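*Asks:* One-letter residues, chain by chain:
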Amino acid sequence: MASRITAEQVLNSLRAVEDPHLNRDIVSLGFVKDLEVSDRRVSFTLELCSPAYPVQEQMVATAKQVVKALGVSEVQVKLTLQVTSGRGPKSSLIPDVKNTIAVASGKGGVGKSTVAANLAVALQRAGAKVGLMDTDVYGPSVPILMGGSEQPRVVEGKIEPPVAYGVRMISMAYFLPKEEAVIWRGPMLHKTVQQFLGDVRWGELDYLLMDLPPGTGDIQLSLSQSIPLTGAVIVSTPQDLALTVASKAIAMFQKLKVPILGVVENMSYYVCPSCGHRDDIFGHGGAREASNKLGFPFLGEIPLDVGIRINSDAGKPVALDPSTLHGKAFEEVAGALGAQICIVNFQAEETISLE
Amino acid sequence: MATDSKPVPKNIRLAGGNDALAVQWSDGHSSAYPYRYLRDKCPCATCGGAGLPQQAPSPFPMLGVKPLKPESAELVGRYAVQIHWNDRHSSGIYSFDYLRQICPCSECAAKREQVANADRL
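As they're listed, the protein sequences go chains R and C.
Terminal number for the first sequence in the numbering used here: 355, no gaps in between.
Terminal number for the second sequence in the numbering used here: 476, no gaps in between.
It should be emphasised that the hints constitute simulated quantities derived from the structure, not laboratory data.
Hints may be right or wrong, so weigh each one.
What the hints assert, rightly or not - As a list, the in silico DSSO-like pairs of lysine-lysine whose alpha-carbon atoms are at most 30 angstroms apart: (1) Lys-255(R) - Lys-466(C); (2) Lys-68(R) - Lys-33(R); (3) Lys-90(R) - Lys-424(C); (4) Lys-361(C) - Lys-248(R); (5) Lys-396(C) - Lys-90(R); (6) Lys-90(R) - Lys-466(C); (7) Lys-191(R) - Lys-424(C); (8) Lys-293(R) - Lys-361(C); (9) Lys-248(R) - Lys-365(C).
None of the values given here were measured: they were computed from a predicted structure.
Using the sequences plus the hints, can you model the full thing?
*Replies:* Here it is as structure tokens:
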């Protein structure tokens with residue numbers, strides 16, 4: 001009969017299990033919690049830093065395998081979620097928001113808002129607390145995409161954001177009649193961004209996604225100056241025209257030292273619903289190529305589909321149903337994004353002391 | 356990672372001694388910016404980073420001239436620092452890249468000269 005297995009032995013064996021995204025073992029990452037060893041039974045909790053972690057099943061399987069190899073008959077692994085936040089400076093405007101993600105493109109009409117709304121829904125479904133801020137003051141579209149009839153309310157001098165599908169949202173559309181337009185110059189836009197951040201009761205959030213207007217102008221700059229953004233997601237269609245403009249947005253974020261979390265290729269391809277023929281209307285793979293060339297993570301591709309358009313206009317993001325092709329596509333992009341946020345937060349970040 | 360790997364400040368001290376702002380950089384370099392120099396290099400739209408003409412003579416010399424110094428500063432996003440000067444000017448957002456570019460130490464000054472000479476050729 002072999003001697004009793006100790007917790008130390010179990011931890012040592014688990015050091016062989018690596019998180020493929022962070023390239024470090026799960027023990028030194030501090031992911032292993034509540035380890036209990038009794039006789040030939042071992043149980044522990046695996047704390048993941050992102051919901052919908054694309055490799056979680058594989059990690060659990062390997063972990064079980066290495067512990068069993070010690071001669072353990074039963075291994076129980078519980079998965080929990082603890083979304084991390086960066087070690088850099090915290091914003092006093094939104095102290096309880098762990099991560100702020102700008103969804104940008106440079107070019108208009110590539111589906112930023114649709115991608116932002118669906119990523120918000122996908123992350124929420126995976127178990128995270130999510131907010132969605134529509135910073136496109138001129139062409140707000142989040143309330144249409146997300147549906148719901150709830151309106152923001154003012155409670156004790158702060159704005160209580162409406163909630164749809166578990167996602168807290170704010171948008172200029174709530175504050176203006178449909179047929180009216182915002183015709184503003186920079187200082188007003190800056191003030192709105194500040195208000196959307198500081199005067200909205202966001203509460204505790206794992207992710208606050210920000211749908212940006214096209215371009216590299218006042219709002220983008222205000223946002224990047226008002227808070228230390230966790231990073232930016234770049235949305236592009238595969239066509240050269242869109243990619244060229246997207247590279248402007250990338251250049252802007254690099255100047256502002258905002259990490260690029262990755263590139264999403266939207267309207268990636270079209271599958272004819274009646275004959276199944278696939279047509280690469282805007283070309284295909286352009287965004288993947290561009291992100292590889294520039295050294296950014298590629299987060300995934302979203303097909304062009306009439307279903308996405310219909311559901312978007314109806315306020316029912318397709319990410320609500322991951323059993324569909326498009327819902328699944330958004331779920332995968334959300335998982336890849338969550339993993340990239342873990343990586344950015346994990347990488348040693350110099351905190352700047354100012355005295 | 357996806358950001359460029361240019362040096363960023365680890366530590367910024369407004370009162371860095373000798374009437375200068377001191378910056379410790381992530382690559383180990385240290386910079387000391389005399390207040391007058393830094394104020395003259397203000398990059399805001401009004402000053403234009405071109406440097407103001409030498410300080411205008413005070414119209415009220417009997418009141419004395421307060422020595423220039425930064426009163427406070429705050430970080431701007433992830434890329435810059437905004438300095439509030441005691442002459443009430445505060446719209447200058449000094450990006451880290453810009454600060455590094457204008458480092459007045461002899462080593463950096465020599466490098467700038469080299470680049471300028473190369474451009475002339």
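*Asks:* Against each hint, give a clear statement of whether it holds in the structure.
*Replies:* Tested hints:
no., hint, result
1, Lys-255(R) - Lys-466(C), "holds (22 angstroms)"
2, Lys-68(R) - Lys-33(R), "holds (18 angstroms)"
3, Lys-90(R) - Lys-424(C), "holds (27 angstroms)"
4, Lys-361(C) - Lys-248(R), "holds (19 angstroms)"
5, Lys-396(C) - Lys-90(R), "holds (28 angstroms)"
6, Lys-90(R) - Lys-466(C), "violated (36 angstroms)"
7, Lys-191(R) - Lys-424(C), "holds (29 angstroms)"
8, Lys-293(R) - Lys-361(C), "holds (20 angstroms)"
9, Lys-248(R) - Lys-365(C), "holds (28 angstroms)"
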